[in-house]
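Asker: Given the coordinates of chain H, work out where chain B should sit on it, guided by the hints.
Chains as they are written, first to last, in numbering that gives the first Met the number 0: chain H, 0 to 375; chain B, 0 to 213.
I should point out that these hints are in silico values taken from the structure, not numbers from a laboratory.
Just so it is clear, the structure is predicted and the values come from calculations on it, not from any experiment.
Misleading hints may appear alongside valid ones.
Partial selection, computed: residues in chain B whose CB lies under 10 Å from chain H [what the hints assert, rightly or not]:
| no. | residue |
| --- | --- |
| 1 | F56 |
| 2 | P58 |
| 3 | F62 |
| 4 | S81 |
| 5 | Y83 |
| 6 | E84 |
| 7 | A86 |
| 8 | G96 |
| 9 | K104 |
| 10 | V118 |
| 11 | S122 |
| 12 | T148 |
| 13 | T180 |
| 14 | D195 |
All residues carry an ideal CB built from backbone N, CA and C; glycine is no exception.
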Amino acid sequence: MQHTPDFENLRRTILRQGPAGPVPFFDLFADPGMVETVLEEKFPVNLHHYIEEPMLALSADEMPGLMKSLDMYVRFCREVGYDYVFMVTGFSLQRKFKAAADTAGAQNWPDGQRYWQDEASGPIQSWADFEAYPWPKAEDLSHAGLEYVSAVVPEGMKVAAFMYGGVFEHSTWLMGLESFALALRDQPDLVEAICQRVGELATATATQAATIDNVEMVFLSDDLGFFSGTLVSPKVIRRYIVPHYKKIADAVHASRKLLVFHSCGNMYAMMDELVGDVGIDAKHSFEDKILPVEEAYRRWGNRVAILGGVDMDLLGRASEDQVRARTRQILEVCAVKGTGYCLGTGNTAANYIPRRNYLAMLDEGRRWNREHFGRA
Amino acid sequence: MDLLLVKQRVVAGDAQGTAAGVREALAEHVAAETILQSALIPGMEEVGDLFGRGEYFVPELLFAARAMSAALEVLRPLLAVSGYEPAGKVVMGTVQGDLHDIGKKLVAIVLAGSGFDVVDLGSDVAPDRFVESVKQSGARLVGLSSLLTTTLPAMEATVRALRAARPAGEVHIMVGGAPVTDAFAQRIGADGYGADASSAVALARQLLGLPART
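Next comes chain H alone, as it looks inside the complex (with noise of 0.2 Å):
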């Protein structure tokens, strides 16, 4: 039985309201390896390079191959059983990185190599950098992949507007996250600004994205935590961060859109003042190791809504059918009620999860749909 899209459904769910309907799936992201692997397809062109540098330019012979891409991305979003496509904004800033061999299952960058931020530098360490960096104008920042997406969004399903890096992250990629700590001493007007700038544009993104027909979503991906704690403290968060949080966060539901807010680690100190002050309306990635997400739907199921939290360590590395009896577990505390819960990973359809895994863990939310609404 194949999964009928109702992003109203899911909107409901989101905000909590009734009536009790069948456990929308929610995933922040799809890697494109995930992609290829389920439809057995592979992309035409290299995707990691439009979604680190949506800024450049494009040519006329590029189009075909990233229109394809895209609709890949949509075919994959109707047959897994989301009520949404999601797709990146074109907010990226220029970085730092560092290569080493992929190690997942499902490896699709060329030569190979995967790229992950540099955690000590970058290119903004003193104010002589910031001058020269090419910070973009908030009005040139161009969102094609969004817009492409958003009109040939099938019937039923709506669009999600991924934020890739929010205002800490972009702000720490730019320093690298041990300058950015040593400066918060050092050179306080720097971080300032830089966060500011940062700010600026993560607003306009989320105002410009939030305004597409057919966006409904907006998700705002800011990885605050580690394992025991903030990286830096909630002191600093609540002076350079929560500010920007809130302006975006006002942004979006102005233009009465959902504001999803993703954050990897133990933030837990901050999620009062997310809900409560900055109005997220759901908060998505939780590790068992941290938080399992029952526990996180127990302390704040009542005033936000919770997404995803099936671990991604299990999703690596278990059995299918362990797999399947840790998501019945999840649902059995988070979607009793019908509402305010969305099944998923916890972070993203990483390539690294094996895919009968992945398909077993969406495979469980369809029983359990049946089992409690007659359709999946």
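Answerer: Relative to the frame of chain H, chain B by itself:
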């Protein structure tokens, strides 16, 4: 110079003040090792505890490490002359295929601050490099880090390589990182799992047979 004040400057991450305090104490004929053992190491241990309790974060740890480093620059030549022995030598690194460095670096900072001599091999370290470094340094403890589920096999391969080169008991192996658990550590034959920087120090002391901190 009051050594308590030097310790407080380490905790506050005041590099200039810490180095100045060390110079002042030396001018008052306080032994280098006394400054290290009574001010710097206790200061870094307090920083590690504050980090473990969630009161300090990455920046505060880096500020303190910078203060410790400034102090050691002054003390190192004198410690070498006095024949000072560190608590133990530890080879640290993030395993092959994994470029995530910061978590391992924080553990290395807290270990160094607790009196260990740390050889930090960085990230994306092949098993052979760990083996070679252990041979060269004579370290009896190795710390392996991994952030990615997909690099856990590299962690297992590194444990195997180390065991093949140095039998259990001769070299102790502790592991940590986001996807790592105690059960995984046992399964791959590591000697222990450290959940965070503070517990890694306690584990290091235990594995090397050093008395636990009071």
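Asker: Does each hint fit the structure? Answer for all of them.
Answerer: Against the structure, the hints come out as follows:
1. F56: 5 Å, holds
2. P58: It holds, given that the least Cβ distance between P58(B) and chain H is near 4 Å, below 10 Å.
3. F62: This interface hint holds because 6 Å falls under the 10 Å limit.
4. S81: 32 Å, violated
5. Y83: 29 Å, violated
6. E84: 30 Å, violated
7. A86: 24 Å, violated
8. G96: 4 Å, holds
9. K104: 8 Å, holds
10. V118: 18 Å, violated
11. S122: S122(B) check passes; min Cβ-Cβ to chain H is 8 Å, inside 10 Å.
12. T148: Holds: closest Cβ of chain H sits about 4 Å from T148(B), inside 10 Å.
13. T180: 7 Å, holds
14. D195: Status holds, d = 5 Å.
Going through the hint list in order, the structure does not satisfy hints 4, 5, 6, 7, 10.
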